[in-house]
Amino acid sequence: MADLKPEELIARTDFTPPRTGWMDTPTVIREGMFCYAAKPKSVATLGLPYPREWNPLDDDWKLPENWKEIIIEGMKDRLERFRTFKIFMDICVRCGACADKCHFFIGTGDPKNMPVVRAELLRSVYRNEFTKAGKILGKIAGARELTLDVLKEWWYYFFQCSECRRCSVFCPYGIDTAEITMMGRELLNLLGLNIDWIATPVANCYMTGNHMGIQPQAFVDMLDFFADEIEDTTGVRVHPTYNKKGADILFTTPSGDVFGDPGTYTAMGYMILFHYLKVKYGLDVTWSTFNSEGGNFGLFTSNEVMKRLNIKMYAEAKRLGVKWILGGECGHMWRAITQYMDTMNGPADFLEEPVNPITGTKFENAKSTKMVHIVEFTADLIKHNKLELDPSRNDNLKVTFHDSCNPARGMGMLDEPRYVIKKVCKHFYEMPRNCIREQTFCCGSGSGLNASEDMELRLSGGLPRANAVKYVQEKHGVNMLACICAIDRAVLPPLMGYWVPEVDVTGIHELVTNALIIPGEKEKTVNLRGEDILNKDEVGPEEYYTRPDFSGR
Amino acid sequence: MRLNNLLERNKDDIVKQWLFSVIDTYPADTSKFMKMQKDPFANPVGNSISVNLGPLFDELLNEMDYESITSYLYPILRVRAVQPILSTSQSTGFIFLLKKVIRESLKKELSDKDILKELLHFESKIDELTLIAFDVYLKCREKVFEIKANEERNRTFRAFERAGLLTEIPADRPSL
Ligand code: SF4
Ligand code: SF4
Chain A
27 MADLKPEELI ARTDFTPPRT GWMDTPTVIR EGMFCYAAKP KSVATLGLPY
77 PREWNPLDDD WKLPENWKEI IIEGMKDRLE RFRTFKIFMD ICVRCGACAD
127 KCHFFIGTGD PKNMPVVRAE LLRSVYRNEF TKAGKILGKI AGARELTLDV
177 LKEWWYYFFQ CSECRRCSVF CPYGIDTAEI TMMGRELLNL LGLNIDWIAT
227 PVANCYMTGN HMGIQPQAFV DMLDFFADEI EDTTGVRVHP TYNKKGADIL
277 FTTPSGDVFG DPGTYTAMGY MILFHYLKVK YGLDVTWSTF NSEGGNFGLF
327 TSNEVMKRLN IKMYAEAKRL GVKWILGGEC GHMWRAITQY MDTMNGPADF
377 LEEPVNPITG TKFENAKSTK MVHIVEFTAD LIKHNKLELD PSRNDNLKVT
427 FHDSCNPARG MGMLDEPRYV IKKVCKHFYE MPRNCIREQT FCCGSGSGLN
477 ASEDMELRLS GGLPRANAVK YVQEKHGVNM LACICAIDRA VLPPLMGYWV
527 PEVDVTGIHE LVTNALIIPG EKEKTVNLRG EDILNKDEVG PEEYYTRPDF
577 SGR
Chain B
22 MRLNNLLERN KDDIVKQWLF SVIDTYPADT SKFMKMQKDP FANPVGNSIS
72 VNLGPLFDEL LNEMDYESIT SYLYPILRVR AVQPILSTSQ STGFIFLLKK
122 VIRESLKKEL SDKDILKELL HFESKIDELT LIAFDVYLKC REKVFEIKAN
172 EERNRTFRAF ERAGLLTEIP ADRPSL
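Residue numbers (the numbering used here), protein chains in the order written: chain A, 27 to 579; chain B, 22 to 197.
The following block holds chain B by itself, in its conformation from the complex (with noise of 0.2 Å):
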């Protein structure tokens, strides 16, 4: 476990690096922005994703609870599935940026074979992490396509439906 005490121990810086390398995901001007700007209605995109990632981290240290994992990343993804800007293994691949940064940071103490182990344990643990993202980067796209096809209906057609201005086709005559 010496492994975890070591992520522990450097949670925050990681956690910062793992933040920059999301945001850099976005065009330079946009990560700029969503580095300086602190405020949270200014940024809610910079926001979403900087206050769950420490929570995501400190997941891949503990338990894994699916629950938990998929309420901190809902926020994050649910931004992500409607910017086209970003590629689908973009918006979800943003999880694997933390084996980098946790490579490049503990650079020294990897060339200790034990805790190089105890990594490849860890870096499971981050795949698992990605393949829920896929699970919950669906939902939010489905989500978009229920509301993009009741749109109309809900609108237009349910004050007609109501009005008695629409006729129904009988159940008896074929459709066209």
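Extracted from the complex, chain A is given alone in its bound form (with noise of 0.2 Å):
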């Protein structure tokens, strides 16, 4: 090193990196690109196989023995069972127009995370073993066999992809990289490769009926203390009920609303509309402490995994015998109920087919699976002039809206987060086209992969989603980001702190109840938050940013 000439060193500086196709470039797992592995005892609560202790950074994975079978067996199980599968395998003509399209090749720069390239790790393997092609020519038609180093490699990438189907928006024949890589995730779960950021919160989940899996007394003790602190911002006492039976309507939230912030300030907020609706139009709403959990993670996991955690749901349903369900601001619960739930678990005959008591309104795209979103639920009520608000109690934001990526695609809610923002907020502003709607790009942690050891991998991926929040920043001021999905509310706060630390975040039923005027209030002075409902620009930016309690911080 030492000997080095001045030139050798600039030389060494030219870093052109191989020019080899993918298939010819090694897998390198890289520190802060991945989430630990499972930890064998949650693995173990599943019934799920092989749980171990492991490490990804090993050149030993432990495998079964006959790993390579089961995968194959595995394969061909699933090219059986589902349609979609086998036609992704074979139809994609890697014409190329979903390559730049994933956040995670964007942000990473890396091509083998090119959704093409995502879904070729897969399907290389399936050439091999299940197209007379690929048996025949190899490489030529673009097979290759299964070895550790490529099943190494299945499992880094299928754990860099969100399953947030922006890809699949571009792609002329509809195939969805998501489902493929849920496919792969699928395939790994046969050898016990999970990660513990999905296999923990799924097993809590099964076991205590939340991710965290916190005791039905500690939830009922956390929304309690919610109601002090509504009761201290805003005079009023709202008493929420638990496992009520025969109540109108049983509301299920993804946890992380009750037991992180900022998403229990939308906790909050649910808590005062329903208050609200209960005082002035007498509308039963109940919690359940056993059902405490409407994410789930089981969608990240298998099929059979899935449909376990979504039973939870309808059994509570029908045991405290409500009318129908309604959801929370949650992501990936709406894929799962939305694309699955009806060939998973249902049609759920004993609910009702849901009507808003209070507007009559049907809720005709909840018809089957009888359960409705509550951004299209408070639409409806705004709508229909049911909620008396004030929204220059919001005058100290100024908005933004990202679309969680399972709302907006897996289930095409585009417009009603968009009305109700509206209605509860004066000043809203939309990033450029092409980063929102149908075309989102994902927080960069959705999918199980929000993870703190993973940052490098959430901060780039989550890039194209910053960097046009940091657009509408600079350009209206923008201060605050709302989302109706709890992983986002969880991860956006760190992202928004590494790109754009002006910018906090927010669920929209908070924003909703900042601007109801609730029956017997006292005159609010501070928010949810404990914030001086004050202009932000009669502060001025210098002071509002700085101030200890701004919880962009």
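Among these hints, one or two may not hold up.
[What the hints assert, rightly or not] List of simulated lysine-lysine pairs, BS3-like, C-alpha gap at most 27 Å:
#, chain 1, residue 1, chain 2, residue 2
1, A, Lys94, A, Lys67
2, B, Lys53, A, Lys496
3, A, Lys452, A, Lys496
4, B, Lys164, A, Lys501
5, A, Lys496, B, Lys169
6, A, Lys178, A, Lys88
7, B, Lys59, A, Lys496
8, B, Lys32, B, Lys128
9, A, Lys178, A, Lys112
10, A, Lys178, A, Lys161
11, A, Lys496, B, Lys56
12, A, Lys67, B, Lys169
13, B, Lys56, B, Lys32
14, A, Lys501, B, Lys56
15, B, Lys169, A, Lys65
16, A, Lys178, B, Lys169
17, A, Lys165, B, Lys53
18, A, Lys271, A, Lys388
19, B, Lys59, A, Lys501
Hints are computed from structural coordinates only; laboratory data are not their basis.
These figures come from a predicted structure and were not determined experimentally.
Could you fit the two chains together into a complex? Lean on the hints.
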């Protein structure tokens, strides 16, 4: 090293990376780009195969001897069971339309994060094992053998896909790479190769009803505490009911809103809304301490696991004898409901077809699943003038809206959230068109990739989203990013903290109840966060952002 | 100051070559995309490089103001600091690529001894810029670590603490 001449040193800085095609470029597992391996206890709790301690950075992943056989058998079984999987394996023409549409490719700069390549990782093995051309022509036909390196590559890159479906919007054949990732992960799960950030929440959810494994009494404690906070800021005491038999509606939301900031303010928002509807219209909404999770990380594990967790919501609705289920601001819960519930556990015949008892609106789209999204529900209430609102209470906020992938692309909910925000806030600004609605960029942490140890992946994958937020922040002074997903509320604050620290994160129902005039309320001087209801411009941005209680810190 | 005039005159071309060689620090498929895609929202990485190299070059030609330089370096390095596909030296070493670009584009002129002398001086400015880039890169990495460390605490811990669901360990009790 010491003998290097200056030119040689400079030559060394000409780091031209390998110009090999993806198949010939070896995969290196890098720190910051993966989540820790699933703990054996969680895998065992779920009765999934091969629970063991293993480390992705070790050479030896302690695989069962016949691992290859298990994978090929697993592929065969899935190709027979899932028509989409078979079609997606066959019809890609490698046109490349999807290639540059993935936020992970854009942000990480790694070509194996191009959706088409991600799919090829699996498809190459499919060709080798299940097609004639692949068997005969091998590499020329894009086929390759399943080796240990290939398996590791699968693991690395199927856990660098957030199953967001952005790529599918651009594919002329409608190939959904997210579903290929799902299949990839299912196969990996056959060998016990899950990540802990998924396996442990799933095991917790299975045993105690929510991702964090919080017992029913702590759930009640938390909501009671929210009731105290609400009383402090509004002067009104709300009385949530738990597990109430014969209530009109069962409410289910991700536990992230109950246990993590800033989702907690959204949870308070739900509580205030339900109180309002009870006092004004006699609507009876109940929470369940057993079904204390709307999120379904089973979706990121396998079909069977998703099904097991999903049924809990319906079992509880049946037990309590409610008419239908209202779901909170969650992301992938809605993907599971909208796309898979019907064929998984449906139809939920024992519930009523959802009708808003206050407005008479029939939620046709929820006819079969019997589950209504709270933003749709609130939009309907506002549309029929059933909520008394004072949007000026949100005057300190300049809001933009992040379409969470699952409500946007998974269920097509694009306009309702905007409608609600515009009715409760006066200052709303859209991000550029190719970053919102059906083309929305993922937060970078979806599908169970929101662990702290893969922060580099999350921050780089979240760059396209943050970049668009930065644009509206600089152009319009946007200081609040609204979203309708609990994972977003958990992961966007660190993302903003890195790229756009001036912007804070909120759920829509926090904004709604800031504006809601509650019967019997005292004069509001602070919002739910305890911040003065003050125009930011009156205080001056410097002071506003440097205040110790500014939660974007 | 003849070199400065030359650099000034060839600025567009030099910055473009520099930009391409920085983009070429990424794998071929990625750099192809970054060069082609002009929409800043579809290509934020390429965009952050392309809008900031020009002003950085101007700084080299002029006073080298630390504040301005860091303001141009941050957008580039904030990205590179979270891209493990690049090593640390690749992340910051992109500035050195300018040396190569200048030497190649002024090959003929550099046979003039005086200009060559001026180039040596100019290259030490490039070295200085690289050192500033180290500062900035490290700050970005520190931010990543800070975010990693605080995430759990900020999220769950704070909510639990507010709710009084955590009991404080009394100060006189030895920690375990
Ligand atoms: S589903 Fe999303 S994360 Fe996965 S490959 Fe497509 S764009 Fe990328
Ligand atoms: S856009 Fe569709 S057909 Fe084209 S490469 Fe991507 S997945 Fe294949």
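Hint check:
1. A:Lys94 / A:Lys67: holds, 24 Å
2. B:Lys53 / A:Lys496: holds, 25 Å
3. A:Lys452 / A:Lys496: Since the Cα atoms of Lys452 (chain A) and Lys496 (chain A) sit roughly 20 Å apart, the hinted pair holds (cutoff 27 Å).
4. B:Lys164 / A:Lys501: Satisfied, since the Cα-Cα distance of roughly 25 Å is no more than 27 Å.
5. A:Lys496 / B:Lys169: Roughly 21 Å separates the two Cα atoms, so the pair holds.
6. A:Lys178 / A:Lys88: Status holds; Cα separation ~12 Å.
7. B:Lys59 / A:Lys496: The hint holds at about 18 Å.
8. B:Lys32 / B:Lys128: holds, 15 Å
9. A:Lys178 / A:Lys112: Since the Cα atoms of Lys178 (chain A) and Lys112 (chain A) sit roughly 23 Å apart, the hinted pair holds (cutoff 27 Å).
10. A:Lys178 / A:Lys161: holds, 22 Å
11. A:Lys496 / B:Lys56: Distance of about 22 Å is within 27 Å: holds.
12. A:Lys67 / B:Lys169: Within the cut-off at roughly 25 Å; holds.
13. B:Lys56 / B:Lys32: Status holds; Cα separation ~19 Å.
14. A:Lys501 / B:Lys56: Judged against 27 Å, a Cα distance of about 26 Å means the pair holds.
15. B:Lys169 / A:Lys65: holds, 21 Å
16. A:Lys178 / B:Lys169: holds, 25 Å
17. A:Lys165 / B:Lys53: Given pair Lys165 (chain A), Lys53 (chain B) holds - Cα atoms ~24 Å apart, limit 27 Å.
18. A:Lys271 / A:Lys388: holds, 23 Å
19. B:Lys59 / A:Lys501: Holds, because 20 Å separates the two Cα atoms, which is no more than 27 Å.
When each numbered hint is compared with the structure, no violation occurs for any of them.
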